[in-house]
Each structure stands twice: as structure tokens, then as C-alpha cells.
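Read off the chains here:
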Amino acid sequence: MKRVSVDIGGTFTDCFLVFDDQYIEAKALTTHHNLANGFMEALAQAAESINETTHSVLSQVDSVRYATTLGTNALIERTGPSVGVLVTAGYESAIPLMRGRGYGEGLSPGAQADLPGARRPEPLVSIPLIRGLRERIDYRGTVVLPLDVEHLRSQVRTLIDRGARAFVVALVNSVMNPEHERLVEEVILDEYPSHLLGNFPVILSHQVGGRKGEYVRATSAILDAYLHDQMYYGLSALEMRLKESGYQKPMLVMHNTGGMAQLNSTHALQTIHSGPVAGVNASEHLGDQFDIDNIVTTDMGGTSFDIGIVVKGGIKFYDFNPVMDRWLVNVPMMHLETIGAGGGSIARFDRLYNTIEIGPMSAGSDPGPACYDRGGLLPTVTDADLILGYLDPEYYAGGHINLNRRRSEFAIEDELCELTGLSVVEVAQFIKQKVDTNMAHAISKELGAKGYDPRQFTLLAYGGNGPLHCCGIASALGSSQILIPPFSSVFSALGAGNMDQMHVHERSVFMWVYDSNTQRLMDQYETFNNIVAELENLGREDLKRQGLTEEAIQFRLELDMRYGNQLTQTSVVSPVRRIASDADLLHLIEAFGDDYGRRFGQGSQAPEAGIRINAIRVLSFVQTGRIPFRRTTVYTDADADPVGHRLCHFPGIAQPVETAVYRADRVPEGAKIIGPALIESPRTTYLVERDWVLHMDQQGAAWIRRV
Amino acid sequence: MAVMNQQELLEKFLGQTPLFLGPDPDIMKEHDIAPQTDEEARALQLTTDPRVISLVRSRLQSGVNEAFEMEEQMGAAPGAKWGDLICGIYSASGDLALSSTGGVLVFSTLTQHPVKFIRKYWMNEPTVGVRPGDVFMHNDARYGNIHNTDQSIIIPVFHEGVLIAWISAIVHEGENGAVEPGGMPSAAESPYMEGLKISPLKVGENYQLKRDLVTYFQNSVREPKLQLEDMKSKLFTTLRVKQRLEEAIADYGVNAVVATLRRTLEDTKEEVKRRLREWPDGTVRTVLFADSTLRENVLVKINLTLTKTGDRLVFDFRGSSPEFMNRANNTVLASLKGMLSQLFLSFVWPDLPRNQAVFAPIELVVEPRSTLNSSYETPNAQSMMTFFPAFSAGQAAVAKFLYSSERRYTELIAPWYNMITTFIYGGITQHGETVGNLCADLNGMGGGAHETHDGEHSIAPIFAAMADIGEQEFNEEENPFMQLVSKKLMRDNQAFGKFRGGQGYQMMMTTKGSPFWGFMTTCIGSKFPSITGLFGGYACPTYPLCKVKGVNVFEEFQIHPERFSFTIEDIMNDRPFPNATYSTHHMGLQFELAKDGELYMITQGSGGGYGDVLERDPQLVMKDLEEELISPWTASEIYHVVYDPDTLRVDEEATLQERLQERQRRLQRGVPYQEFVKTWVTNEPPADLPFFGSWNDRDVIYAGGYAGMPQTKMAADAITPVMMPDPKDVRIAELEQILAQIQHGMEPSHG
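First to last, the sequence lines map onto chains A and B.
If you're matching positions, the first sequence starts at 1 in full-length UniProt numbering and goes up one per residue.
If you're matching positions, the second sequence starts at 1 in full-length UniProt numbering and goes up one per residue.
Heads up, some of the hints might be wrong.
What the hints assert, rightly or not - Distance ranges between label pairs, derived from CB positions:
#1 A:N354 to B:R666: 49 to 55 Å
#2 B:E363 to A:I401: 55 to 61 Å
#3 B:S583 to A:Y232: 50 to 56 Å
#4 A:R455 to B:G133: 24 to 30 Å
#5 B:E628 to A:K249: 50 to 56 Å
#6 B:R277 to A:P128: 45 to 51 Å
#7 B:K273 to A:G399: 48 to 54 Å
Think of the hints as simulated: they come from the structure by calculation, not from any bench.
By construction, the Cβ of each residue, glycine as well, lies at the ideal position given by its N, Cα and C atoms.
Make a model of the complete structure from these sequences and hints.
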């Protein structure tokens with residue numbers, strides 16, 4: 001196999017190259033002005049390390065796969081075009097009001113609770129650029145007020161006069177009947193054909209999101225329109241650059257649904273957060289190859305801590321209404337929970353309880369922790385890690401950043417010691433314990449809300465600070481097994497290398513599987529089956545358009561189900577793709593009940609209130625070859641030679657402990673290291689705490705298990 | 001055995017023979033945290049390290065937050081779906097120590113009372129008892145609640161046979177079998193018309209709900225599915241919290257958990273006292289009027305004197321309106337306290353932990369039998385109509401202390417809009433189900449203006465952060481109504497000021513496809529602003545309920561689609577449907593059957609304005625004009641901005657001059673204070689003013705002046721409840737008067 005996959009993050013562009021049996025990691029700084037530069041530099045490094053040229057690599061690989069932050073950047077920097085939005089008259093304020101709670105989406109719980117401080121984000125579309133159309137469709141898709149076309153023309157002209165350079169059409173109940181949205185598109189193209197004013201993108205909301213919710217669908221479409229140009233031109237330029245460098249196939253773009261597609265089959269919205277999602281995808285693949293049933297993925301960086309869940313049986317966890325930047329949308333995205341905990345998280349005194357709290361404020365990378373000596377004066381988690389002896393001031397980031405321990409001590413002394421009456425070391429011990437506990441609680445809440453016991457999960461730890469804090473997190477969580485994955489520093493890029501080509505199509509429905517009023521099971525088999533067939537067909541066409549054969553296409557049917565009128569929509573993988581009998585329905589009801597009972601408790605099911613299907617979702621995909629990991633089958637328990645020893649402090653232990661220090665590249669495969677120990681690499685430090693033991697695996701992977 | 005004396009015998013007899021165990025006055029009047037128990041003292045002695053307590057607290061908080069998310073997901077009530085719920089952990093004594101970060105805190109705070117009732121009366125009651133696995137439930141506000149549309153599930157937590165905590169989950173359920181559908185009947189003339197009245201009641205054992213009782217509740221309401229689903233969802237929510245609590249005990253020990261609950265309460269109380277000391281000493285007075293009982297237009301006075309001395313803060317509501325015997329707008333005192341604690345936690349110190357100790361150091365003075373401290377026999381389903389204005393009076397008064405405070409913990413704002421402007425509905429859906437509930441639109445109340453910037457439009461209710469106004473497409477899918485105008489900001493519906501309040505939206509509702517469907521609205525503020533402004537900012541505008549009957553707009557859409565307009569202003573001014581009737585009303589609409597295509601139209605008010613309109617940046621005025629938030633008239637006549645109407649370019653110099661002139665005109669319009677007092681102040685309310693409350697002297701309470709009711713006077717400490725006439729009788733009397741005039745050949749007067 002020959003394959004290139006790239007994940008562009010905020011700081012680094014990670015590249016993972018598979019070239020037959022050679023696996024190469026490479027990193028370059030992200031070049032925000034032109035992402036292709038960083039992309040090509042990382043690729044050049046990788047090629048050089050196997051004595052190939054970029055051109056020769058690109059001309060031989062089966063695919064180039066790409067996860068990008070282009071869209072995220074455009075949102076944060078507000079660099080999108082002026083978007084004009086056409087909505088059903090009477091609904092003009094839905095977008096600026098953001099369902100009320102929109103002020104707090106994407107913020108910390110503390111910020112959400114502060115009502116006098118509540119401020120909505122700067123809008124992507126200002127109020128004068130939202131115009132109402134005289135039309136109305138009801139919940140079944142019946143037109144109750146025909147579209148007034150003359151009025152439409154005048155509203156379009158108004159938007160153009162006000163500077164709109166892209167259009168979003170988001171009409172009420174358009175997912176039940178898209179007739180009016182399509183008519184609006186026709187009229188816009190008729191009024192402003194591309195030869196007059198250039199190609200204005202027109203985004204129809206029902207084509208971006210297939211589920212109900214007029215606000216979230218409109219927001220999804222707005223984000224799509226807002227990001228469209230930048231994404232399209234940015235990625236096209238990259239594709240051209242790849243072509244010039246020898247790559248003749250279509251570039252594959254990672255989606256936040258956990259699949260990928262060619263550029264011409266990608267909505268801009270689908271690329272947001274695709275990098276972290278690729279990390280979860282890599283974990284799923286790792287779970288398959290390493291025979292791990294349940295994995296909780298943890299990515300601890302400088303400012304945030306991402307949590308993902310992978311469980312046996314292929315159950316996927318989606319956010320049906322994910323938040324992108326500050327915006328609630330309704331395109332399904334693989335579930336990721338992020339909390340404000342990282343190396344840069346600031347520790348502060350909590351006067352109320354006479355204790356120390358951590359985060360969510362972060363010193364980030366500028367000024368960064370106090371020990372960076374770049375002007376940061378507040379104590380952070382990294383400062384505590386340094387004080388406790390876990391970090392080597394001379395070898396942090398491979399020696400690229402020199403850490404100043406005195407700065408850390410000053411920061412802790414000034415901000416925390418006097419107020420708490422604790423010593424510098426005692427404070428640092430508590431910072432470590434508290435941040436680990438906070439992360440463990442976040443994992444516990446995530447798993448608990450989905451009905452899982454954290455003790456049954458393997459903790460997968462990656463990100464710059466993951467391996468350093470994983471034992472503390474696992475101890476607080478009650479987990480007994482940690483895996484530091486292979487190629488952990490480019491793990492998301494590796495995930496991109498293992499994705500399937502996939503498209504997701506979904507539709508809101510109102511169907512009673514069981515109507516408790518009449519005590520009858522659903523008999524609309526044909527209606528249900530026709531919708532499934534239609535969604536499969538959409539997916540099939542998407543994939544065939546990208547040159548994939550019909551025989552290779554697989555489908556997976558998921559149903560969002562609920563009891564009575566609940567909010568919850570448990571996504572159930574349907575045991576059958578067509579309903580043909582009561583037995584099929586009873587199987588479905590059983591699958592739903594099992595999953596629901598696991599999440600909320602056995603006995604919490606309420607079929608007496610009726611059982612509904614709210615959405616039908618079809619995942620259409622073509623599996624592509626997986627990158628095989630190597631795994632050590634026999635652990636030799638060979639000794640590794642430490643490069644030195646340091647005195648380290650650990651929470652709960654009063655005296656410092658003599659701790660062996662190893663270099664990761666000198667620890668042989670199969671070696672066993674008993675904690676406490678430190679294994680350092682240029683990109684991270686593994687901390688094996690007391691009562692834990694590490695076994696080094698291949699390709700940089702390591703198992704840490706509780707003794 | 002000692003012989004009992006006569007007094008002891010009498011007390012024993014009386015103790016054994018109560019008619020029934022009604023709300024306990026001692027439990028209901030107390031809002032301080034309970035005295036430290038021996039178990040708590042021992043636990044605190046054994047757990048002195050604040051670091052351990054910090055770890056346990058975050059563990060428990062995480063568990064409660066997890067359970068809250070679960071409750072929100074499982075709940076079937078619209079309230080549960082859109083944020084109108086909460087769960088919490090209580091100490092063994094029944095004090096709320098920790099509640100979920102999200103949700104309606106006041107629910108949780110008020111559940112301390114039923115928990116304490118269960119503890120006091122059922123623990124040792126042989127026919128009830130409190131044992132591991134027991135499940136309790138309640139909804140009656142007189143035992144501690146807002147109103148009986150909110151239902152709780154409560155479970156005790158034991159450790160090795162010892163009661164160590166309680167857990168509750170509460171949801172605004174909506175339908176509860178009251179005289180009107182939807183759970184908040186404004187037509188209720190006694191508590192017995194308000195639907196289910198559940199005193200703290202054991203409804204399950206071994207963590208299983210008793211099917212006979214569940215069936216009874218289902219049989220008593222219009223939505224049996226909802227009743228079943230949400231009893232289950234609340235039970236499993238509390239069980240999840242219990243699981244997390246037990247895990248914390250396993251990891252840290254029971255003493256650490258008990259100490260954490262107690263320390264959290266005590267530390268919070270001390271912190272509140274410390275923060276109060278940061279405020280200047282002084283007294284601030286605020287008066288507001290609820291302008292309706294929801295049945296008739298009257299002035300219901302809310303009279304607040306707020307005094308701060310050292311670390312004491314006293315809310316004195318003496319002089320407020322008397323209670324109403326046959327109106328649902330009465331407030332149980334505990335509900336008022338719960339709402340005021342919400343004021344501090346949401347708007348003053350949002351960084352504080354969410355527990356009941358936040359309000360523990362604060363004192364209240366409220367006359368018994370006043371509308372803010374109503375008695376047992378008065379209905380309270382619409383208590384919000386008096387305690388929301390009381391909240392707003394408090395918010396305005398507190399702002400004045402905060403302005404001069406040494407330190408603030410959030411921004412200083414004018415009062416938030418305070419009314420639940422939405423449609424309550426009931427009937428048979430297009431799917432054949434009988435329902436009664438409300439739309440989540442009420443959750444978008446407009447924010448007050450700030451010291452430095454404008455308020456946010458329709459953003460959050462006064463009782464919860466991160467509440468949701470929902471999506472209309474989901475509503476229409478389940479219910480046979482359509483919002484033809486859905487939450488659209490209304491022009492000029494603005495509390496003006498140097499910084500304006502956040503504006504409110506208008507809604508135009510109609511029904512389609514039901515054999516039986518009706519609407520209600522329950523809101524004050526049609527005649528008198530429901531909130532004030534701050535430091536010269538305007539109060540919230542007033543707003544009527546508008547109806548267009550005798551038309552089916554869906555038929556009009558097919559024949560004359562051009563006739564329809566998408567604003568209330570245009571519909572009511574242009575009257576586009578020739579044979580329809582157009583009418584305006586106060587916002588207390590009792591449940592009324594609606595026909596397909598008839599229009600019911602309402603609008604919210606807005607958050608209060610801050611500062612003088614003449615100091616508003618003219619560019620902000622132009623921005624509001626461009627966004628159609630204000631009319632050209634407002635720009636020039638309220639804000640006195642001179643601009644080019646075509647380009648919206650401000651003439652700065654002309655604006656400056658115009659504002660100078662307006663200041664001169666203000667001086668000319670003004671009169672010296674004493675002169676004003678002479679012409680304005682009377683000793684008593686006018687005989688025909690429908691007025692309820694004190695006038696000049698807060699010890700004397702007036703009631704009457706409505707529909708021929710004489711203006712009666714009573715001592716504030718001897719209030720007799722007010723009995724209002726039936727609005728239909730009032731209307732009949734008016735019509736009979738008109739008929740008599742016609743019969744006598746006179747020009748009829750219009751009532």
C-alpha cells in the first residue's frame with residue numbers, strides 16, 4: 001500500500017505516509033496564508049526520509065487524504081462572503097435570535113450561566129441581509145401559501161443591492177417539500193445568470209440538512225455558504241498543486257461524519273472538525289486490530305481535552321446538532337466532547353471553598369505557562385508538571401523550548417501558596433490531581449450519559465500532554481488499561497488514512513412503529529421502504545459519481561427512535577434494511593429497547609407511550625484498504641536502560657520518589673518498565689505512575705496497565 | 001411512668017388528631033440552612049482537607065450534570081425538552097446542597113420543603129416510613145413549589161442504614177388535569193380547579209413505581225402518556241445521581257461526602273455575607289404593578305423596600321396587594337424566596353454554587369394574606385403574575401446597590417423582561433391525541449440594557465440560563481397549529497434609553513386540522529409596563545392580545561394571498577379580511593376554542609432601557625432603523641436624531657442642536673416638585689381606580705374600584721382576601737346597562 005494522509009491543525013501540519021512497509025511521520029508548521037505550503041513541506045520531509053522525491057511519491061500513492069481546518073479558520077476570522085438569506089416571511093428573526101440559548105453555544109458552563117454577561121456572537125449574516133418570502137408549507141409538505149414570485153424577485157434585488165454575494169434559501173418545512181426552495185433557486189439564476197455577475201453560490205437548506213428544525217437547518221446552510229468559496233478555491237488550489245506534483249487522482253477530503261469524499265462531493269460544513277474526528281476513526285481501526293472492545297479516546301493538548309468513544313459492534317455516536325464555533329447546526333457529526341483542560345490551563349485560588357480550581361482559562365501558547373518565560377505569570381498545569389519533576393527543562397519539545405523552573409515556582413508561590421497555606425510542591429501535586437480528576441469526571445459523564453461503565457474501557461491517550469496525565473486520569477476513572485497508540489504524534493492523520501468513502505443522507509419522518517393509542521404496529525412498510533430506497537439511491541449516486549462501482553457500495557440503515565414525545569433520539573442500527581413483517585418491527589423495537597435501557601437504566605423504557613421513528617439515515621460507503629498496524633505478540637519483559645533518574649513528586653505521597661528516566665527511542669520493543677518512570681520523546685513524555693507498568697509495543701505504541 | 005399533666009395530654013391529643021397533614025408552617029417559612037447535625041459535625045471533623053472536599057464536590061457535580069442531561073433527553077414534556085427542569089442533591093436534613101449547572105434552579109430550591117416534610121412526618125409514620133428504595137413525589141406549591149404544573153420525584157439515600165442525603169428531579173410537566181389544559185389555569189377560582197394537588201407522597205418502593213398510583217395519575221390528566229413517561233424519566237434521573245453518590249462514597253468514604261454537602265452550604269452562606277458587606281449601606285424603594293389578574297384589568301401593587309446594613313439584606317414587601325380568593329395569581333411565600341434566590345444566582349453572583357444557602361442570609365418581610373404570601377385556600381397556578389414583578393422590583397433595586405458596589409461579579413443591567421409570553425394550547429392533535437401544554441417561546445425574554453451596551457433581544461428567561469425557544473417545525477409536526485409569524489422582532493417594541501433593552505418578538509398563531517383545539521395566554525403588561533428601566537432608561541412597552549375571528553386565513557391564502565400581512569401592526573391597522581372581526585384584549589386569555597385559520601396574535605415586551613435617550617449614539621439609532629427595530633418616528637421623536645431618510649446618514653450638528661432644544665423643552669414641561677405633589681398626590685386611590693395595595697401608608701391596604709366593587713380599606717396585618725366578580729357577570733351588567741339605555745332611547749355607552 002502507498003498512501004498519503006494529512007491533517008492540518010492550528011499549529012502543525014501532520015503527515016502520515018505509507019510506502020509499502022515503511023510508515024513515515026512528518027510534521028511542518030501550518031502555513032495559514034496558504035495551507036498548501038505546509039502540506040507540501042510535510043510531504044517533502046516524509047518523502048526525503050525514504051529517499052524519494054515528492055513527485056515520485058505522489059505519482060505512486062493510491063490516494064491523498066486530507067483533513068483541513070480551513071473552514072474553522074474562516075469562521076473564526078470572519079473571512080467569508082456577504083451572505084443574503086431568504087426565509088419564510090414571519091421567520092426573519094429566527095436566525096439572529098439563535099433559539100435564545102445560542103448566546104452560550106461553544107462557551108464554558110460558567111460563561112453560559114452568566115446572564116448579564118450573555119452576548120451573542122457577531123452574526124455571520126446581519127439582519128438587513130435576511131428577507132422574508134411570501135410562502136408557506138405545512139408539516140406534511142402541503143403548500144398552504146403559494147410562493148409569490150414577484151415579491152421574491154424584489155427581495156432578491158434588495159439583497160443584491162445590500163451587497164449579498166452568496167444566497168441561502170431556508171424555508172419552513174422544505175425538507176418535507178423542497179418545491180419552493182427549488183423555485184427560488186431558479187428565479188435567482190434567472191435574475192442573475194452567472195454571465196452577468198459571476199457565479200453566486202445558492203445554497204438550499206434541504207440539500208444541506210435533511211432533518212427538521214428551521215433554525216438549525218438555516219444556520220447549517222449559512223455556514224456552508226459562508227465557507228463555500230474559501231473551501232472550494234483553497235482546496236482546488238491544493239488539488240492543482242498536487243496535480244502539478246505528479247498526483248493524478250482526485251484528492252479525498254475528510255468529513256466530520258467519519259467518512260471521506262472527493263472535493264466535488266463535499267459540503268464545506270462537512271470538513272469542520274474533521275481532524276479530531278479522524279483521530280476517533282483511527283481509534284476504531286486500532287480497536288479492530290488490537291482486539292479492544294471499548295475505547296475512550298483522549299486527546300490532551302495545550303488548551304483542550306477531546307473525548308471520543310469507540311465501542312464494539314460498530315455503534316457510532318453522533319452529535320445530531322453539533323456546535324461549530326458558536327453555531328448550532330443540524331448536520332450529523334461524529335461525537336466529540338471537548339473540555340477546557342490542557343497543559344496551559346490556569347490554576348487559580350477559589351476563595352469560596354479555600355481550594356484550587358483549574359481552567360477553563362488557558363495561557364495557550366502565548367504567553368503560555370509561566371515556565372515558558374514568555375511573560376506568562378499565572379501558574380498552569382505544565383508549571384505543576386515541571387515542579388513535580390515530570391518534565392526535563394532541557395528536553396521539553398526535544399529541547400526546542402527551555403523551561404524555567406523558577407518562573408513556575410514564582411507563579412505558584414505568588415498566586416496560590418499564601419492563600420492556601422500549602423507549599424509549592426503541595427500545590428503542584430494538587431493541580432495535577434485536580435486536573436486529572438476533572439478530565440476523569442468529564443469522561444465518566446460522557447460514558448455514563450451513554451450508559452457505559454468507564455472501568456470497562458481502555459483509555460487511549462494521545463496529544464502532547466496525554467501520555468503524561470493518562471495514569472492520573474485512569475486512576476481517577478477506575479480504568480486499568482491505557483494504550484498510547486502507534487504514531488501518536490500524527491494520530492489524526494493516521495485516522496484519515498483509514499477512512500472509508502462515505503456519504504450520509506437522512507430524512508425527518510413522523511412514523512409510529514407502535515401506536516399505543518390504537519395498540520397497533522406500523523403498517524406503512526411501503527412508505528418506510530421507499531424512503532430508505534431513495535436515501536440509498538442518493539448515496540449510491542454520490543459514490544458512483546466519484547468513480548466507485550455499484551458492487552462495492554455498502555449501506556447501513558440507522559433510525560432515530562424515541563418513546564412517545566421525548567426529546568431523546570436514540571440512533572439504532574436497524575437489523576434489516578427493509579421492513580417486511582411485524583417480526584422485523586419487533587426486532588427493531590427490541591434493539592431500540594436494549595440500547596435505551598443500557599443508556600438510561602433497565603426499566604426506564606416506556607413503550608406504553610408509543611414508539612416513534614423521527615429520522616431515517618442511510619450511510620452509503622465503500623471500504624478502502626486499511627493500514628495494518630504491527631503488534632507485539634510476545635512481551636520479552638526486557639529491561640530498558642534509563643538515561644538517568646530524577647526526584648519526582650506524586651499526589652498522595654509526601655516524599656519525593658527516585659524516578660527512572662528513559663528515552664523513548666531507546667526503549668526496545670517488548671520492554672517492561674515498572675512505575676514510577678518517565679519515558680521522554682521530543683513530542684511528549686509518558687509518565688508511568690506507581691502501581692502501573694508499561695510494555696513497549698511496536699511503532700511507538702505502549703500499553704500501561706495497573707499492577 | 002410519669003403521669004402527664006393536663007397540658008401534655010391536650011398536646012398529645014391534638015398531635016394525634018390533625019384533620020390531615022397540611023403544609024407545615026415551620027418548614028414553609030424557614031429558608032436558612034438547617035442546623036448542623038451531629039453526623040455532619042463528625043464528618044467535618046474527620047474531613048478537614050479542603051482539597052478532598054474539592055475533589056468530592058466536583059465528582060458529585062459531574063454526576064448531577066450527567067443526570068440532568070439524561071433527564072432532558074428522556075423527558076417528554078415540552079418543558080423538559082427546552083430546559084424547564086433540574087435535579088439536585090440535598091443533605092440528610094433536606095437542604096439543597098448541589099444542583100445541576102443547567103436548568104431552573106428555583107424548582108430545586110423549593111423542593112427542600114417537601115423533602116423536609118417527608119423527613120418530619122413520614123419517617124416515623126408507621127403507615128408510610130422512609131426506607132431504601134422508596135420513591136416520593138409531589139407537586140403542590142403549598143408544600144414548596146412554583147405551581148402544580150411542576151412535578152418532582154424524590155428519593156432518600158441511605159448508607160449502611162443511615163439516611164445521608166436526598167435526591168430530586170423536577171420538570172415543568174404542563175398538563176395536570178386542571179380546569180384548563182396545559183397545567184397553568186388562569187380560570188382556576190380555587191385550588192380545587194388547579195388539577196392534581198399532590199402532597200409529598202410515596203409512589204414507589206424498591207425503586208419501582210406503583211402501578212396503581214401511576215394509573216391514578218394517568219387517569220387524572222389529559223396526557224396519560226406524558227404522565228407515565230416523565231414519572232419514569234425523573235425516577236431514573238434520581239437513580240443515576242444516587243449511583244454517582246454511592247461511587248463517591250466508595251472512593252472517598254461517607255464522611256467525605258457528608259462533609260462536602262455540609263461544607264458547600266456553609267461556605268456559600270459565609271461568602272454571600274462577605275459579598276453583601278461589599279455593598280454600600282442604604283435603602284432603595286421600587287414599586288411595580290401587575291396590571292391584571294389574568295381575568296380583568298386591575299392594578300396589583302408590588303411594593304418593595306430593600307435595605308442593606310452590614311451583611312444584612314432585607315426585602316420588605318409590606319404594602320403590596322392583598323391576596324385574591326378566586327384568582328390564580330397568588331404567590332406562596334416560599335415561591336417568592338425561591339425566585340429571589342434565582343435573582344442572585346443568575347443576575348448578581350452567577351459564579352456562586354447553585355444551592356439554597358445563597359439566599360440563607362437574606363431576610364424577607366411580607367404580610368400574611370398578601371398576594372406575595374398567600375394563604376392555603378387561594379389558588380396559585382399563575383403565581384408568576386405576582387412573583388415575577390416582585391423579582392423585577394428586586395432586580396431594579398439591587399442594581400442601584402451594585403452601581404456603587406466595591407466589586408461586581410457580573411455586568412450591571414437594567415431589569416430583564418419578565419413575562420411568559422407564549423401560547424398555552426390544548427385539544428386533539430392531528431394524530432388523534434389529547435394534549436395540553438405550552439410552547440417554549442416563553443424562554444426568549446429580552447435582556448436588560450447594560451451600562452455600556454444594548455440589551456440582547458429575546459435571549460433567556462429570568463429563571464434559567466441556556467433555555468431554548470425551540471423550533472417551530474417540530475411543534476407543527478406534533479400539534480395542529482401553525483405560527484404564521486414565529487418569533488419575529490417587533491418594530492418599536494423597545495425600552496428606549498442611552499442603551500436600549502433587548503427587544504421582544506411577535507407571534508401570529510392559528511390552528512389547522514383539528515376537530516377540537518384552543519389557546520390560552522397568561523401574561524401581564526398590556527396596560528402597565530411589567531418592568532422598569534434604569535437610571536432614566538424607559539420601561540418595557542405595553543402590548544395587547546389581538547384576535548382576528550370569523551376568517552379562515554388558509555382559504556384567504558388560496559383566493560387572495562396578497563391580502564395577508566406578516567406583522568400584527570399591518571393586520572390590525574389594515575384589516576385586510578372584509579368580513580372578519582378584529583379585537584384587542586389584555587393578555588390573560590382563558591382557554592378559548594379556535595377555528596381553523598383564525599388568528600391569535602401576541603408580542604413580548606422588552607428588557608428595560610438604561611440611561612437618557614438623548615445620550616444614545618445616533619449611529620446606534622440608525623442601526624436600529626436599518627434593522628427595522630424602530631420606526632422613523634422613533635428615531636426622530638424619541639431619540640431626536642436628524643438624518644437623511646434615504647441614506648440614513650446622520651446630521652451630527654443638527655442632531656446636537658435638536659437634542660439641546662429637547663432638553664430645553666423638558667425644562668419647560670417640568671414643574672417644581674412641591675407643585676407636582678400638590679396637583680398629583682391624593683390621600684386615597686380614586687374610587688373608580690381598580691387598585692389593590694397600599695396608597696400612601698403601607699400599613700393600610702386598599703382593594704376595589706373595579707366593576708362596582710367599593711374601595712375597601714384594611715389594616716395590613718389583618719388582610720381579608722379579595723373576592724372578584726365573575727368577568728361574565730361584569731360583562732352581562734355592562735350589556736344590560738347598554739340595553740337599558742337603548743330601551744330608554746338613549747345613545748348607548750360602550751363598556
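So, going through the hints one by one against the coordinates:
no.: 1; hint: A:N354 to B:R666: 49 to 55 Å; in the structure: holds (54 Å)
no.: 2; hint: B:E363 to A:I401: 55 to 61 Å; in the structure: holds (56 Å)
no.: 3; hint: B:S583 to A:Y232: 50 to 56 Å; in the structure: holds (54 Å)
no.: 4; hint: A:R455 to B:G133: 24 to 30 Å; in the structure: holds (25 Å)
no.: 5; hint: B:E628 to A:K249: 50 to 56 Å; in the structure: holds (51 Å)
no.: 6; hint: B:R277 to A:P128: 45 to 51 Å; in the structure: holds (49 Å)
no.: 7; hint: B:K273 to A:G399: 48 to 54 Å; in the structure: holds (53 Å)
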